[in-house]
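**Student:** Spelled out, the chains give:
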Amino acid sequence: MMPELQTTPVPFRGGGFRLRRVRGVGLAVFVLLVALVEWGTRSGAISALTLPRPSDVGTTLWDLAASGMLFTHLVPSLSRLAVGSVLGISAGIGIGVLMGLFSLVRAGLAPVVAALFPIPKIALLPLFVIWFGIDEGSKYALIALGTFTPTVVATYGAVDTVDRTLIRMGQSFGLDWLSIVRKIVLPGALPGILSGLRVSLAIGIILLVAAEMLGAEHGIGAYILQAGSLYDLERLFAGVVILSALGVVTSAAIGWAERRLLAWRG
Amino acid sequence: MDLSLTSVSHRYGTTEVLSDISLDIADGRIMCIVGPSGCGKSTLLRMIGGLERPDRGRIVQNGAVPEGCLNPLTYVFQDFALLPWRSVAGNVGLVLEDHRLPRTHRDAIIADVLARTNLTEFRDAWPRQLSGGMKQRVAIARALAVKPAVMLMDEPLSALDAQTRELLMDDLVALWTRAPFTAVYVTHNLAEAVRLGHRIVVLSRRPGRIRDIVEIDIPLAERRASAPALEAHQSHLWQLMRDEAAAAVQELHDA
Ligand SMILES: Nc1ncnc2c1ncn2[C@@H]1O[C@H](COP(=O)(O)OP(=O)(O)O)[C@@H](O)[C@H]1O
Ligand SMILES: [Mg+2]
Numbered sequence: 001m002m003p004e005l006q007t008t009p010v011p012f013r014g015g016g017f018r019l020r021r022v023r024g025v026g027l028a029v030f031v032l033l034v035a036l037v038e039w040g041t042r043s044g045a046i047s048a049l050t051l052p053r054p055s056d057v058g059t060t061l062w063d064l065a066a067s068g069m070l071f072t073h074l075v076p077s078l079s080r081l082a083v084g085s086v087l088g089i090s091a092g093i094g095i096g097v098l099m100g101l102f103s104l105v106r107a108g109l110a111p112v113v114a115a116l117f118p119i120p121k122i123a124l125l126p127l128f129v130i131w132f133g134i135d136e137g138s139k140y141a142l143i144a145l146g147t148f149t150p151t152v153v154a155t156y157g158a159v160d161t162v163d164r165t166l167i168r169m170g171q172s173f174g175l176d177w178l179s180i181v182r183k184i185v186l187p188g189a190l191p192g193i194l195s196g197l198r199v200s201l202a203i204g205i206i207l208l209v210a211a212e213m214l215g216a217e218h219g220i221g222a223y224i225l226q227a228g229s230l231y232d233l234e235r236l237f238a239g240v241v242i243l244s245a246l247g248v249v250t251s252a253a254i255g256w257a258e259r260r261l262l263a264w265r266g
Numbered sequence: 001m002d003l004s005l006t007s008v009s010h011r012y013g014t015t016e017v018l019s020d021i022s023l024d025i026a027d028g029r030i031m032c033i034v035g036p037s038g039c040g041k042s043t044l045l046r047m048i049g050g051l052e053r054p055d056r057g058r059i060v061q062n063g064a065v066p067e068g069c070l071n072p073l074t075y076v077f078q079d080f081a082l083l084p085w086r087s088v089a090g091n092v093g094l095v096l097e098d099h100r101l102p103r104t105h106r107d108a109i110i111a112d113v114l115a116r117t118n119l120t121e122f123r124d125a126w127p128r129q130l131s132g133g134m135k136q137r138v139a140i141a142r143a144l145a146v147k148p149a150v151m152l153m154d155e156p157l158s159a160l161d162a163q164t165r166e167l168l169m170d171d172l173v174a175l176w177t178r179a180p181f182t183a184v185y186v187t188h189n190l191a192e193a194v195r196l197g198h199r200i201v202v203l204s205r206r207p208g209r210i211r212d213i214v215e216i217d218i219p220l221a222e223r224r225a226s227a228p229a230l231e232a233h234q235s236h237l238w239q240l241m242r243d244e245a246a247a248a249v250q251e252l253h254d255a
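So the sequence lines, in the order shown, correspond to chains A and B. All letters in the first sequence, in the order written, are residues 1 to 266 by full-length UniProt numbering. All letters in the second sequence, in the order written, are residues 1 to 255 by full-length UniProt numbering.
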């Protein structure tokens, strides 16, 4: 008689550690959280002083839009964010690239950037008011400085990661300096620069609100501040929802830019 | 255009890498440089191409650069060095864009070199979509586009598998037979050297000096893989290199 052979399947140990794009789950989690709060506030498990009812916040937002006040607040905020971050980000990319390319610039500016980075920029707002005036100037400056530092750091880090053999190749074909920078260094650094922009723009939104809280008639920050001082939680949350939406939109815009500009990565 | 090297020596810090190399690189022929790993082959090639300066010795061009040549000394790199964000045609176009050529002329050059390397149907592909062998063909097409006087090839087939290497060697022989070019071809693979080299320079281990120069008279198109005459050359080269290579393996690397 044959001896009985024991057979066991080879245990599977692979899998995991690989992310894919899952659609709809983000939205589902969001809807679930809102539904939970709605249920809590209606059933009394969450008191009206702790959190406003999401449906009331929705009504407030609707009224805000219907009365036209949404645009009165949104337009100045968006233009401040746009002007400030365009200034800060373009200066950041420009100086970051120079720091990535020239040892002297790197040696000179790296300590300055390291010293600027951890300063809470909001603390400098009074100074900016003196320098650039109480109006738009100080707000632009605050947002510009706040987006500048993370952009610089991301950019020169990204330039460092550009494959040196590609640069050597460009030189060996006699490309001129500007061509090497435009066609090899910048595209190679683009992935790093774009992921730096996510951080920079989020910081830009935070500083926008801070600047508007310290002196602005209109703007999302001013709207939130008014609501907060009256303990009007519905309006406060309506403002917060607008800010979150702004964050989601900028992040989606960068995601779209990445898919367009970095199609070569597949 | 010929090149000649006179007593080229070089050291990195305290490490002597090349010692007293004198060579003549003849027009229209392929010169192979073989030697154990770390003996300074890549360094020598960088010096021939002007990417690095030797400590001592001279490297000169004799004669005028041929007409229509856009980049006299042109590299083909071991790791292809293609821009991943440009298509096949874009990678070839890159090296033409800084020269003031009419657009139609530029497009004609790109179409011509892609046809010569059998890449026409892949002109719009991204590098990541290509196999290693195809990538190296793109790099060869790019090098041909600037009509080089001398091609400097640093282990161009070493990153490829054995079958692809055979096919690309045939491609190179066909390209050379149709329009002979001058090349300095660095390799550590003796089979490649005897298939492609008119003249084979054997370097010693570091510091690299010339151990021997072997001439092979068989026309490139008539050399078949594992032909007895080539086998004889190859085993002769291996005799020359064997001890050097064995000693080089024992050395510490600090690159
Ligand atoms: N830029 C460099 N700085 C210091 N040492 C180097 C540099 N490039 C190469 N070397 C050293 O010089 C020697 C020759 O290198 P290389 O020319 O790349 O050899 P091969 O191509 O023959 O393998 C090696 O020992 C390497 O470590
Ligand atoms: Mg090498």
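In short, the hints are calculated from the structure, not lab data. Wrong hints could be hidden among the right ones.
[To be verified] The calculated lysine to aspartate or glutamate pairs, modelled on EDC-like cross-linking and capped at a C-alpha distance of 20 Å, are:
{"id": "1", "chain 1": "B", "residue 1": "Lys147", "chain 2": "B", "residue 2": "Glu166"}
{"id": "2", "chain 1": "A", "residue 1": "Lys183", "chain 2": "B", "residue 2": "Glu97"}
{"id": "3", "chain 1": "B", "residue 1": "Lys147", "chain 2": "B", "residue 2": "Glu97"}
{"id": "4", "chain 1": "A", "residue 1": "Lys183", "chain 2": "B", "residue 2": "Glu67"}
{"id": "5", "chain 1": "B", "residue 1": "Lys147", "chain 2": "B", "residue 2": "Glu67"}
{"id": "6", "chain 1": "A", "residue 1": "Lys183", "chain 2": "B", "residue 2": "Asp107"}
{"id": "7", "chain 1": "A", "residue 1": "Lys183", "chain 2": "B", "residue 2": "Asp98"}
{"id": "8", "chain 1": "B", "residue 1": "Lys147", "chain 2": "B", "residue 2": "Asp55"}
{"id": "9", "chain 1": "A", "residue 1": "Lys183", "chain 2": "A", "residue 2": "Asp163"}
{"id": "10", "chain 1": "B", "residue 1": "Lys147", "chain 2": "B", "residue 2": "Asp243"}
{"id": "11", "chain 1": "B", "residue 1": "Lys147", "chain 2": "B", "residue 2": "Asp112"}
{"id": "12", "chain 1": "B", "residue 1": "Lys147", "chain 2": "B", "residue 2": "Asp107"}
{"id": "13", "chain 1": "A", "residue 1": "Lys183", "chain 2": "A", "residue 2": "Glu258"}
{"id": "14", "chain 1": "A", "residue 1": "Lys183", "chain 2": "A", "residue 2": "Glu217"}
{"id": "15", "chain 1": "B", "residue 1": "Lys147", "chain 2": "A", "residue 2": "Glu258"}
[What the hints assert, rightly or not] What follows is a set of in silico ranges between Cβ atoms, one per label pair, in the way DEER data are often shown:
{"id": "16", "chain 1": "B", "residue 1": "Thr120", "chain 2": "A", "residue 2": "Leu116", "range": "27 to 37 Å"}
{"id": "17", "chain 1": "A", "residue 1": "Phe102", "chain 2": "B", "residue 2": "Arg128", "range": "30 to 40 Å"}
{"id": "18", "chain 1": "B", "residue 1": "Arg11", "chain 2": "A", "residue 2": "Ala202", "range": "45 to 55 Å"}
Heads up, the beta-carbon is just placed ideally off N, CA and C, and yes, glycines get one too.
**Student:** So, for every hint listed, does it hold in this structure?
**Tutor:** Quick rundown of the hints versus the structure:
A distance of roughly 25 Å separates the Cα atoms of Lys147(B) and Glu166(B); the hinted pair therefore is violated under the 20 Å criterion. Between the alpha carbons of Lys183(A) and Glu97(B) the distance comes to roughly 11 Å, so the proposed pair stays at or under 20 Å and holds. The straight-line distance between the Cα atoms of Lys147(B) and Glu97(B) is roughly 14 Å, inside the 20 Å bound, and the hint therefore holds. Taking the CA atoms of Lys183(A) and Glu67(B), the gap is about 28 Å. The hint is violated against a cut of 20 Å.
Straight-line distance between C-alpha atoms of Lys147(B) and Glu67(B) comes to about 9 Å, which keeps the hinted pair within the 20 Å bound. A distance of roughly 19 Å separates the Cα atoms of Lys183(A) and Asp107(B); the hinted pair therefore holds under the 20 Å criterion. At most 20 Å may separate the alpha-carbon atoms for a hinted pair to count; Lys183(A) and Asp98(B) meet this at roughly 11 Å. Under the criterion of a C-alpha separation no larger than 20 Å, the hint pairing Lys147(B) with Asp55(B) is inconsistent with the structure, at around 30 Å.
At roughly 13 Å between alpha-carbon atoms, Lys183(A) and Asp163(A) fall within 20 Å of each other, so this suggested pair holds. A threshold of 20 Å between alpha carbons decides the hint, and for Lys147(B) with Asp243(B) the separation of about 40 Å lies outside it, so the pair is violated. The straight-line distance between the Cα atoms of Lys147(B) and Asp112(B) is roughly 12 Å, inside the 20 Å bound, and the hint therefore holds. Straight-line distance between C-alpha atoms of Lys147(B) and Asp107(B) comes to about 15 Å, which keeps the hinted pair within the 20 Å bound.
As the CA atoms of Lys183(A) and Glu258(A) are separated by approximately 18 Å, the hinted pair is consistent with the 20 Å bound. Taken as a hint, the Lys183(A) and Glu217(A) pair is broken in the structure, with Cα atoms around 46 Å apart against an allowance of 20 Å. A C-alpha spacing of about 37 Å is found between Lys147(B) and Glu258(A), which places the hinted pair above 20 Å, so the restraint is violated. A hinted range of 27 to 37 Å is violated for the C-beta pair Thr120(B) and Leu116(A), which are about 53 Å apart.
Distance hint check: the CB atoms of Phe102(A) and Arg128(B) are about 31 Å apart, consistent with the given range 30 to 40 Å. Between Arg11(B) and Ala202(A), the C-beta spacing of about 51 Å keeps the proposed range 45 to 55 Å intact.
In this structure, the earlier hints numbered 1, 4, 8, 10, 14, 15, 16 are contradicted, and the remaining ones agree with it.
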